[in-house]
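Participant: So you can see what is in the structure, the chains are spelled out below.
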Amino acid sequence: MFLAALVPAMLLAGGALGVGPKQLGADPVRTLLHSCGLTALNLLLITLAVTPLRQLTGWNNVQRLRRMLGLFAFFYALLHFTVYAWLDQGLDVKAIGADILKRPYITIGMLALLMLIPLAVTSTNGWMRRLRKRWQRLHYLIYPIAILGVWHFWWQVKKDIREPLLYVVMLGVLLGYRLLRAPLRRLLTSRCGSATVRERT
Amino acid sequence: MTRPTDPRILPSDITRSELFLNRRRLLELGVAGAAFGASGVNHLALGADAPPPVDRYKAPRNAAFSVTETPNTLEEISSYNNFYEFGTDKSDPAMNARAFKPTPWSITVDGEAEVKGSFTLEDILKPQALEERVYRMRCVEAWSMVIPWVGFPLGDLIKRFRPTSKAKYVAFTTLMDPKQMPGERDRVLDWPYVEGLRMDEAMHPLTLLAVGVYGKVLPNQNGAPIRLVVPWKYGFKGIKSIVRISFTENQPRTSWSGAAANEYGFYANVNPAVDHPRWSQATERHIGGSSLFAKRQPTLPFNGYASQVASLYTGMDLRRYF
Ligand code: HEM
Numbered sequence: 001m002f003l004a005a006l007v008p009a010m011l012l013a014g015g016a017l018g019v020g021p022k023q024l025g026a027d028p029v030r031t032l033l034h035s036c037g038l039t040a041l042n043l044l045l046i047t048l049a050v051t052p053l054r055q056l057t058g059w060n061n062v063q064r065l066r067r068m069l070g071l072f073a074f075f076y077a078l079l080h081f082t083v084y085a086w087l088d089q090g091l092d093v094k095a096i097g098a099d100i101l102k103r104p105y106i107t108i109g110m111l112a113l114l115m116l117i118p119l120a121v122t123s124t125n126g127w128m129r130r131l132r133k134r135w136q137r138l139h140y141l142i143y144p145i146a147i148l149g150v151w152h153f154w155w156q157v158k159k160d161i162r163e164p165l166l167y168v169v170m171l172g173v174l175l176g177y178r179l180l181r182a183p184l185r186r187l188l189t190s191r192c193g194s195a196t197v198r199e200r201t
Numbered sequence: 001m002t003r004p005t006d007p008r009i010l011p012s013d014i015t016r017s018e019l020f021l022n023r024r025r026l027l028e029l030g031v032a033g034a035a036f037g038a039s040g041v042n043h044l045a046l047g048a049d050a051p052p053p054v055d056r057y058k059a060p061r062n063a064a065f066s067v068t069e070t071p072n073t074l075e076e077i078s079s080y081n082n083f084y085e086f087g088t089d090k091s092d093p094a095m096n097a098r099a100f101k102p103t104p105w106s107i108t109v110d111g112e113a114e115v116k117g118s119f120t121l122e123d124i125l126k127p128q129a130l131e132e133r134v135y136r137m138r139c140v141e142a143w144s145m146v147i148p149w150v151g152f153p154l155g156d157l158i159k160r161f162r163p164t165s166k167a168k169y170v171a172f173t174t175l176m177d178p179k180q181m182p183g184e185r186d187r188v189l190d191w192p193y194v195e196g197l198r199m200d201e202a203m204h205p206l207t208l209l210a211v212g213v214y215g216k217v218l219p220n221q222n223g224a225p226i227r228l229v230v231p232w233k234y235g236f237k238g239i240k241s242i243v244r245i246s247f248t249e250n251q252p253r254t255s256w257s258g259a260a261a262n263e264y265g266f267y268a269n270v271n272p273a274v275d276h277p278r279w280s281q282a283t284e285r286h287i288g289g290s291s292l293f294a295k296r297q298p299t300l301p302f303n304g305y306a307s308q309v310a311s312l313y314t315g316m317d318l319r320r321y322f
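For the protein sequence lines, the chains are A and B, in the order given. First residue of the first sequence? That's 1 in the working numbering, and the numbers climb one at a time after it. First residue of the second sequence? That's 1 in the working numbering, and the numbers climb one at a time after it.
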């Protein structure tokens, strides 16, 4: 899984060096920027899919992948930002600052990236132990981050919103599942009376 | 136009473009061969197949109307396109326009003009002398290219139709044919694509109708068989695959400004001082070049053509009429 999550980065690096199957096309900076952004968003959503997957399938081992997936989402978001700041904007601090302040889609992208930092930092076992209950609460930040990420995508397309719409739907399913799970369960348990609904947390 | 001469030579670029095309053709043949069984190599050896890239439009360069920067390669020009009729991704048009048939072609002329009717492309082209013009192309998305178009001034064609005194604007329409243009099956824009110019803009000697690039027939994805090029405006003004030219008294409703009037104006003059609501127009990334680390370049007022065209807009508030 570790290697699988590195594949996009390796393909892009290969493309940049002119080797391998992935070609970056006429505007390689844009290709890098967009691929890293999309990979970050994909990984965020995959991370959010871990818990439902475990609850629905009972496949408890996936849970162990969750932190690594989240970290890779951060890794690609950071790469995405680096491509933007360095390759696209040439590290022009003034232009970047103006963009972050003036372009709403970049403002919320930046917000999402900043919110990912504490999550990445506290992703170690040590921090998990130290923060205990607060760790869980802190890591609920992943929800607003995912929302901001999708929103950021939505706002930057010119006209064709089909792809971001797909992400809105996927995010909606993942968040909706969490919102509806408890009430649905309650409904089911009350209906089925004593039927055993195994509680997994 | 008054930019320093680029030391890199042009003819080499033209050879380069040929190499690229050949490589692409080889690839295509290989794929076609594979699809038909394992005979790809034989096909190549026999040289059987599609006609070679047509050099039909080799034309002398009009140096007075050409920039001296190195043009982008044909590969770049024909693989990175915004042509939503063939899909919204920049690589879609090259893929989805392969089956498009730009011949036979005719253009309907109507509205406020004395000469109206339907004209074949041959009718249109016969009296026009073609010339090559190397123009800068600035996309509204803040990237740019340099392109050696082959074509003729739109103004020369317009004179042949003898527009009346009521003709204040010219509107252009792209072919509407969802069978051939799969992008038109999705309502991303209000098809067919419509663009327009004020009459004085249309008559300006820089405004070109292009039928070729690098001396070759326009690739389908670049707007074959005939398209508009207005080098001081954002690329979306350069309507492609034109089937109708209408002379109108009122400003036509154009596709992009109709879709989002606050983001895309009717004039769409390249202007580094007026940002798109969602991104800056102050700089642009030049497509091509060898390095990933190439710096963005500043965008010039009227895309560097201010000395020729700024006078068209004296007294106009370009922030309001963007
Ligand atoms: C969690 C953080 C982020 C995520 C998940 C994310 C995701 C994305 C996605 C999915 C795209 C669209 C890719 C496509 O169209 O194929 C994108 C585009 C973009 N993002 Fe981000 N992004 C994040 C943070 C940022 C930050 C911090 C910045 C800059 C400060 C930024 C700047 C951009 C830019 C400039 C584009 C391209 C817009 C264009 O081409 O017009 N993003 N991002």
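Don't read these hints as lab results, they were simulated from the structure. One or more of the hints may lead you astray.
[As the list claims (entries may be wrong)] List of simulated lysine-lysine pairs, DSSO-like, C-alpha gap at most 27 Å:
1) B/K58 / B/K126
2) A/K159 / B/K179
3) A/K102 / B/K295
[To be verified] Computed list of chain B residues with no C-beta within reach of chain A, every gap over 10 Å:
4) D177
5) R278
6) T283
Remember, it's a predicted structure, so these values are computed and weren't measured experimentally. From the three backbone atoms N, C-alpha and C, an ideal C-beta is built for every residue, glycine too.
Participant: Take the hints in turn and mark each one as holding or not.
Facilitator: Each hint, compared with the structure:
no.	hint	verdict
1	B/K58 / B/K126	holds (15 Å)
2	A/K159 / B/K179	holds (22 Å)
3	A/K102 / B/K295	holds (22 Å)
4	D177	holds (20 Å)
5	R278	violated (6 Å)
6	T283	violated (7 Å)
Checked against the numbered hints listed earlier, the structure breaks hints 5 and 6; every other hint is satisfied.
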